[in-house]
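Residue-level listing of the chains:
Number of protein chains: 2
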Amino acid sequence: MDALLLVAHGSRHPGSSDEIRALAAKIAQTPGHQFDWVDYAFLEITEPSISEGVLDCVRKGAKHITVLPYFLATGRHVSVDIPTELEKARQEYPQVRITSTPYLGAAKEIPDILVRLSQEAT
Amino acid sequence: MDALLLVAHGSRHPGSSDEIRALAAKIAQTPGHQFDWVDYAFLEITEPSISEGVLDCVRKGAKHITVLPYFLATGRHVSVDIPTELEKARQEYPQVRITSTPYLGAAKEIPDILVRLSQEAT
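So the sequence lines, in the order shown, correspond to chains A and B. If you're matching positions, the first sequence starts at 1 in my numbering and goes up one per residue. If you're matching positions, the second sequence starts at 1 in my numbering and goes up one per residue.
Rather than coming from a laboratory, the hints here were simulated on the basis of the structure. All figures in this text were calculated on a predicted structure; none of them were measured in a lab. You may find that some hints are simply not true.
[Claimed, not checked] List time: in silico DSS-like cross-link candidates among lysine-lysine, alpha-carbon distance up to 27 angstroms:
hint, chain 1, residue 1, chain 2, residue 2
1, B, K108, A, K26
2, A, K88, A, K60
3, B, K60, B, K88
4, A, K108, B, K108
5, A, K63, A, K88
6, A, K108, B, K26
7, A, K26, A, K60
8, B, K88, B, K63
9, B, K60, B, K26
Go ahead and model the full structure; you've got the sequences and the hints to work with.
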């Protein structure tokens, strides 16, 4: 069983959790992936935390969890905090393979998207 | 003269300003836009601030500034803080047209990019 775990920052804004939940559902419906389900978790402020998200995946029977950092900037969160959480999870669940993708901001498509968005100014 | 002003959150991480500067340069080189130049500014922590970024565009002769919020989540920053800064700027420079695009997280391409990134796990 193969799980994708989308990891966002977390926010005090009440709608932000719904936004990530909706995004996880959209990813699940997008063609081109091999995941049995798409879950989500937050680095701070909002629940579920990363360790809760990993636990949920493990309980559902995940043998491989792919973590996707939904962040734009490389910084402490991406380079230290998330890897630290994942290392803890690997030690706790040695039978589960836990890997991570590059963070969203590193995606090569971003400049093209920004140019397209720039044509939608109101 | 038409300017694009990329607005990022700002970070204590020393490399984050370079990352936004490099992204602004990449956008400038991406085909499909009408901007004479691409500038960048930060909502907090990092300089230049939004008001400094707008002032810089005005000094360079911008008649229209398109602001692009480089944010993933809709929250106070996107819904209140940036619009408030832009409203101040409009009052200060009534001769300049200042508009804003949707924030990056609202772009319809995001789920496809996340699926592609999920195939790059290491």
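Hint check:
1. B:K108 / A:K26: holds, 10 angstroms
2. A:K88 / A:K60: holds, 19 angstroms
3. B:K60 / B:K88: Given that 27 angstroms is the threshold and the Cα spacing comes to 19 angstroms, the pair holds.
4. A:K108 / B:K108: Holds, at about 16 angstroms.
5. A:K63 / A:K88: Holds, at roughly 16 angstroms.
6. A:K108 / B:K26: holds, 10 angstroms
7. A:K26 / A:K60: Satisfied, since the Cα-Cα distance of roughly 20 angstroms is no more than 27 angstroms.
8. B:K88 / B:K63: With Cα atoms ~16 angstroms apart, K88 (chain B) and K63 (chain B) stay inside 27 angstroms; holds.
9. B:K60 / B:K26: At roughly 20 angstroms apart (the allowed maximum being 27 angstroms), K26 (chain B) and K60 (chain B) satisfy the hint.
Every hint, counting from the list given before, is met by this structure.
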